[in-house]
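> Spelled out, the chains give:
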Amino acid sequence: MANVIVMTSGKGGVGKTTSSAAFGTGLALKGLKTCIIDFDVGLRNLDLIMGCERRVVFDFINVIHGEARLNQALIKDKRVENLFILPTSQTRDKDALTTAGVERVLEELKKEFDFIICDSPAGIERGALMALYFADDAIIVANPEVSSVRDSDRILGVLQAKSYRAEHGLAPVREHLLITRYDPKRVERGEMLRVDDVLEILSIPLLGVIPESPAVLRASNVGMPVVLDEDSNAGLAYADAVARFLGDSVEHRFLKPDRKGLFNRLLRRTA
Amino acid sequence: MNILEFFRTSKRPTFAATAKERLQILLAHERADRNGPDFLPQLQRELLEVVKRYLAIDDDKVAVRLQRESGCSLLEVNVELPLSAATPAHRPARAGA
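Residue numbers (this note's numbering), protein chains in the order written: chain C, 40 to 310; chain B, 845 to 941.
A couple of the hints might just be wrong.
Pairwise CB distance ranges, derived in the manner of DEER restraints [as the list claims (entries may be wrong)]: (1) L870(B) <-> P244(C): 33 to 41 Å; (2) Q199(C) <-> R909(B): 45 to 53 Å; (3) T858(B) <-> P244(C): 40 to 48 Å; (4) G51(C) <-> I869(B): 50 to 58 Å; (5) R866(B) <-> G81(C): 27 to 35 Å; (6) D270(C) <-> Q888(B): 19 to 27 Å; (7) Q129(C) <-> P881(B): 40 to 48 Å; (8) R909(B) <-> N260(C): 16 to 24 Å.
For lysine to aspartate or glutamate, the following DMTMM-like pairs were computed, each having C-alpha atoms within a straight-line distance of at most 25 Å [as the list claims (entries may be wrong)]: (9) K150(C) <-> E184(C); (10) K149(C) <-> D882(B); (11) K201(C) <-> E865(B); (12) K201(C) <-> D877(B); (13) K224(C) <-> E920(B).
Taking beta-carbon pairs under 8 Å as the criterion, some of the chain B residues facing chain C (in silico) [claimed, not checked]: (14) K864; (15) I869; (16) H873; (17) K905.
Since the hints were derived computationally from the structure, they do not count as laboratory data.
Everything numeric in this text was worked out from a predicted model, so none of it was measured.
Glycine is no exception: its CB is placed at the ideal position from the N, C-alpha and C atoms.
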């Protein structure tokens, strides 16, 4: 049975779409058939981050409203086997997402896929509620920063009260914390919340810590999920998070400042 | 900066420690509100209306909280009166008026 994962945060700009793209690609690289759905109706961006923006013909909303079949809207990734993207509409608004419609599309996807990642919009309005409603797992994306941590706590409350699982008395949605844009140098200087601080406040299991990295912008510029950049710390950290999600015990890395020796500095390894 | 100031500033909590403390206090409040039953805001509004019929108080001076402890629940109603409110603001309205 397929697993529905919501990538959510409450706050905007913390890296939900970057993480959905990287995490979904990471799952597909493990040989698991994965579909990433963009729930940000009216502000679609997953297609751009995945580099398939020119291949969008039909979208998620068309499928919900019966204007296209699912197979016409799904875009197969050209780099990674087993990876598909379901883009959203750029012209409609969030009211186009109906509970019954979303459920029907997810049920159809579940027959074919191992993992379905719902890339949530920011906020706690309809789009975000629909993205998390049918989730089995939730990955909470948070920056080590006060407003992001507060909003993460808020969205955890929403998950525990308003998801399908909560409303039907089923086992609760499994929660995982993904800390992004972590800067060990600033943590060491006492300028940024430490991983342990965020964990103590939110008290949910830690899935991964993605270090602040120039590779993320480089990857989005060219429409490549950052996990495919195997020379980057951020890409490796996403790959680790995927392995942990699948049950491997992988030690967290990149939590300490990189003390580069002269030799490494001369080699100019990318961060 | 003289040497004394240097030592004094070094004892201040770090920015991160301040952030953590602020979040812990804030979230403790927000979580308590979140777990409250849905009728509390309505109860608070209605209590305020009734109190205002008799006393001149500000809208934020009635606080209602529900605390759950093992075995019992405690409904705590706090009405904060200004010193001048000890005398009635106006004659009590007749019931139903």
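> Next, verify each hint and record whether it holds.
Results for each hint:
Taking 33 to 41 Å as the suggested C-beta distance range, the pair L870(B) and P244(C) does not conform, at roughly 23 Å. Checked against the hint of 45 to 53 Å, the C-beta distance between Q199(C) and R909(B) comes to roughly 21 Å, which is inconsistent with it. For T858(B) paired with P244(C), a C-beta distance near 26 Å fails the hint of 40 to 48 Å. A hinted range of 50 to 58 Å is violated for the C-beta pair G51(C) and I869(B), which are about 25 Å apart.
The hinted window of 27 to 35 Å between R866(B) and G81(C) holds, with their beta carbons roughly 34 Å apart. Between D270(C) and Q888(B) the CB atoms are about 57 Å apart, so this pair departs from the stated range of 19 to 27 Å. The given range of 40 to 48 Å is respected by Q129(C) and P881(B), whose C-beta atoms sit roughly 41 Å from each other. Checked against the hint of 16 to 24 Å, the C-beta distance between R909(B) and N260(C) comes to roughly 51 Å, which is inconsistent with it.
Note on K150(C) and E184(C): the hinted pairing is violated, with a Cα-Cα distance of about 39 Å set against a maximum of 25 Å. For the proposed pair K149(C) and D882(B), the alpha carbon gap of about 36 Å is over 25 Å, so the pair is violated. With a C-alpha separation of about 29 Å, the suggested pairing of K201(C) with E865(B) is violated against the 25 Å cut-off. Taken as a hint, the K201(C) and D877(B) pair is honoured in the structure, with Cα atoms around 16 Å apart against an allowance of 25 Å.
Restraint check for K224(C) and E920(B): the C-alpha separation of about 47 Å exceeds 25 Å, so the hint is violated. Evaluation of the K864(B) hint against chain C yields a held restraint, the C-beta minimum of about 5 Å falling below 8 Å. Interface hint at I869(B): violated, since its Cβ lies 11 Å from the closest Cβ of chain C, which is beyond the 8 Å cut-off. A hinted interface residue such as H873(B) counts as satisfied when its beta carbon comes closer than 8 Å to some beta carbon of chain C; here the least separation is about 11 Å, so the hint is violated.
Annotation: interface hint on K905(B) violated; nearest CB of chain C at approximately 26 Å, more than 8 Å.
Hints 1, 2, 3, 4, 6, 8, 9, 10, 11, 13, 15, 16, 17 from the earlier list are contradicted by this structure; the remaining hints agree with it.
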